[in-house]
Amino acid sequence: MSSSYYDIDAILTDAQKVPTTFELDIPALGYLDNAAGHTLKSGTRLDLPLWLSEMLAVSSTASSTTPSKSLVTLDLPPSLAPRVMNALKADPKSVDLRALAQHFYGLGERILELFEEDEVCNVLMASWRKRAAEISDHASQVGQGGRGGMASGDGVEFLRGLDEWERDLFRRCHDSGKAMRVWMGEVKKN
Amino acid sequence: MYGDLGNKLVQQAKRTQKLEHLPPYSTEIVRAITREVRDLDKDASNILQSFNGSFDPSADPATACTLLVDHLCMRRDKRCLLAYHRTRTDKLEEMVWSGNDISDLAAQQPKNLNGNQEGGSDLVSVDGSSSSLSPEEEEYVRQYSDLLAAYKGQWTDIDLTGSLDPPRDLFIDVRVLKDAGEIQTEYGTINLTKNSQFYVRQGDVERLISQGYLQKLS
Numbered sequence: 001m002s003s004s005y006y007d008i009d010a011i012l013t014d015a016q017k018v019p020t021t022f023e024l025d026i027p028a029l030g031y032l033d034n035a036a037g038h039t040l041k042s043g044t045r046l047d048l049p050l051w052l053s054e055m056l057a058v059s060s061t062a063s064s065t066t067p068s069k070s071l072v073t074l075d076l077p078p079s080l081a082p083r084v085m086n087a088l089k090a091d092p093k094s095v096d097l098r099a100l101a102q103h104f105y106g107l108g109e110r111i112l113e114l115f116e117e118d119e120v121c122n123v124l125m126a127s128w129r130k131r132a133a134e135i136s137d138h139a140s141q142v143g144q145g146g147r148g149g150m151a152s153g154d155g156v157e158f159l160r161g162l163d164e165w166e167r168d169l170f171r172r173c174h175d176s177g178k179a180m181r182v183w184m185g186e187v188k189k190n
Numbered sequence: 001m002y003g004d005l006g007n008k009l010v011q012q013a014k015r016t017q018k019l020e021h022l023p024p025y026s027t028e029i030v031r032a033i034t035r036e037v038r039d040l041d042k043d044a045s046n047i048l049q050s051f052n053g054s055f056d057p058s059a060d061p062a063t064a065c066t067l068l069v070d071h072l073c074m075r076r077d078k079r080c081l082l083a084y085h086r087t088r089t090d091k092l093e094e095m096v097w098s099g100n101d102i103s104d105l106a107a108q109q110p111k112n113l114n115g116n117q118e119g120g121s122d123l124v125s126v127d128g129s130s131s132s133l134s135p136e137e138e139e140y141v142r143q144y145s146d147l148l149a150a151y152k153g154q155w156t157d158i159d160l161t162g163s164l165d166p167p168r169d170l171f172i173d174v175r176v177l178k179d180a181g182e183i184q185t186e187y188g189t190i191n192l193t194k195n196s197q198f199y200v201r202q203g204d205v206e207r208l209i210s211q212g213y214l215q216k217l218s
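If you read the protein sequences in the order shown, they are chains C and E.
Counting from 1, one number per residue, gives the positions in the first sequence under the UniProt record's numbering.
Counting from 1, one number per residue, gives the positions in the second sequence under the UniProt record's numbering.
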């Protein structure tokens, strides 16, 4: 999915926090650690929104005398931790992605631009495929008068755990199915 | 933290996307964010001033980082503000295309639903306090409507904002919900007074139906 400057979901995706470790002392930035007026010490680890930490991580203290060093280093956010990856590998459908991050796949995409993590990338793609099929099933069942689909507790649980992209997918599946039936119905009338 | 207010604004924009109507303009938050940007700018200017215009980032990475954070926060605020306003103007443009005018926007708030607005596309009949638009947005809608009218004027035999459903009958029964004055049709003049009922050509009254002056009776 491409995102534009004005894309509301892209902006909200960028607001998600990433663990960021500062690599040098910065006197004026104490307020980031809720301690305004104090020096932000090197090695301090903070959860900063992606829009801030990304740009800090890619800029470096380049100079002719000392080897260039990043201002900060990033870690994988907890929502993409190995524990979550294992759960997704075991059973993609049983993970509540929304509880991990509202824009889970959006965050994953952005993070993978910064990290070389083939494993995470593969797990995300595989789980997306598995879950997309499930979402499509649910969306078409809801369209047909909710028989079975919403009634089973398992389905409700699963649908509640969708992230924003998946909710969008669900909506599109549902709407397109409906539009198709309306169109077929009109064809029959004539 | 800087940027939190922007986030709040964007979350409102997200809700707005799914709504039928336009929620009131968040004057307070917008003002607070502009203030935040001004503070950040002052902060950055102060830092730079102490260097007398000869700042070398590699000599003082800590200050460079502070400046970078200031700059990124401003940039973020700007993006949030622009996205918020863009979401709203997109919505307004959609409303202009679908034939709602600005007095209908205010009428969405139930307490304003009184039938004493005069004139078809009267833009000033909304009193400022109850409008969900900012003054700038009202101006935007006005100018956009003018633009659309000028664009539509190029084709006299087709109504670009007309309904896409083919009509079933040429003539329809309509009931007048609000006084709309006299209209000219091929078959003479009709005086549309409230609660009266007419059998008219659909093409003549389509605009009035979409504006809520007439109700189509099946």
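No lab work stands behind these hints: they were computed from the structure.
It cannot be assumed that every hint is accurate.
Said to hold, decoys possible - From the derived model, a few chain C residues whose C-beta atoms are all more than 12 Å from chain E:
#1 Ile8
#2 Pro27
#3 Asp75
#4 Ser136
#5 Arg181
Claimed, not checked - Here are the simulated SDA-like cross-link-like pairs (lysine to any residue), alpha carbons at most 25 Å apart as the crow flies:
#6 C/Lys41 - E/Asp4
#7 C/Lys178 - E/Leu164
#8 E/Lys18 - C/Glu164
#9 E/Lys8 - C/Lys41
#10 E/Lys8 - C/Lys178
#11 E/Lys42 - E/Val30
#12 E/Lys18 - C/Phe158
#13 C/Lys17 - E/Leu164
#14 E/Lys18 - C/Leu74
#15 E/Lys78 - C/Leu114
#16 E/Lys8 - C/Asp47
#17 E/Lys8 - C/Val156
As the list claims (entries may be wrong) - Here are some chain C residues pointing at chain E (derived, C-beta under 10 Å):
#18 Leu24
#19 Ala28
#20 Thr39
#21 Leu112
#22 Glu113
#23 Leu114
C-beta atoms are modelled at their ideal positions from N, C-alpha and C, and glycine is treated no differently.
Against the 25 Å threshold, does the CA-CA distance of C/Lys178 and E/Leu164 hold or violate the hint?
holds, 19 Å
Measuring Cβ to Cβ, find out whether C/Pro27 lies farther than 12 Å from everything in chain E.
The claim is violated: C/Pro27 sits with its nearest Cβ about 6 Å from chain E, within 12 Å.
Proposed interface contact between C/Glu113 and chain E, which counts if any beta carbon pair is under 10 Å:
Check failed: Cβ of C/Glu113 comes no nearer than 17 Å to chain E, outside 10 Å.
Taken at face value, is the distance from the CA of C/Leu74 to the CA of E/Lys18 at most 25 Å?
violated, 35 Å
Report holds or violated for the interface hint on C/Thr39, using the least CB-CB distance to chain E and a cut-off of 10 Å.
Result: holds, 9 Å to nearest chain E Cβ.
Holds or violated: E/Lys78 and C/Leu114, Cα atoms, limit 25 Å.
Within the cut-off at roughly 24 Å; holds.
Using Cβ atoms and 12 Å as the threshold, tell me whether C/Ile8 really stays out of contact range of chain E.
At about 5 Å from chain E, C/Ile8 fails to clear the 12 Å cut-off, so the statement is violated.
With a cut-off of 25 Å on the C-alpha distance, tell me whether E/Lys8 and C/Lys178 pass.
Not satisfied, since the Cα-Cα distance of roughly 34 Å exceeds 25 Å.
Measure nothing beyond the straight line between the CA atoms of E/Lys18 and C/Glu164; if it is 25 Å or shorter, mark the hint as holding.
holds, 14 Å
Are C/Ala28 and chain E close enough, Cβ to Cβ, to be under 10 Å, as the hint says?
Cβ of C/Ala28 sits 4 Å from chain E, so the hint holds.
Given the hint that E/Lys18 pairs with C/Phe158, test it: the Cα-Cα distance must not exceed 25 Å.
Holds: E/Lys18 and C/Phe158 sit about 23 Å apart, inside 25 Å.
Proposed proximity, C/Asp47 with E/Lys8 (alpha carbon, max 25 Å):
Measuring from Cα to Cα gives roughly 18 Å; hence the hint holds.
Going through the hint list in order, the structure does not satisfy hints 1, 2, 9, 10, 13, 14, 17, 21, 22, 23.
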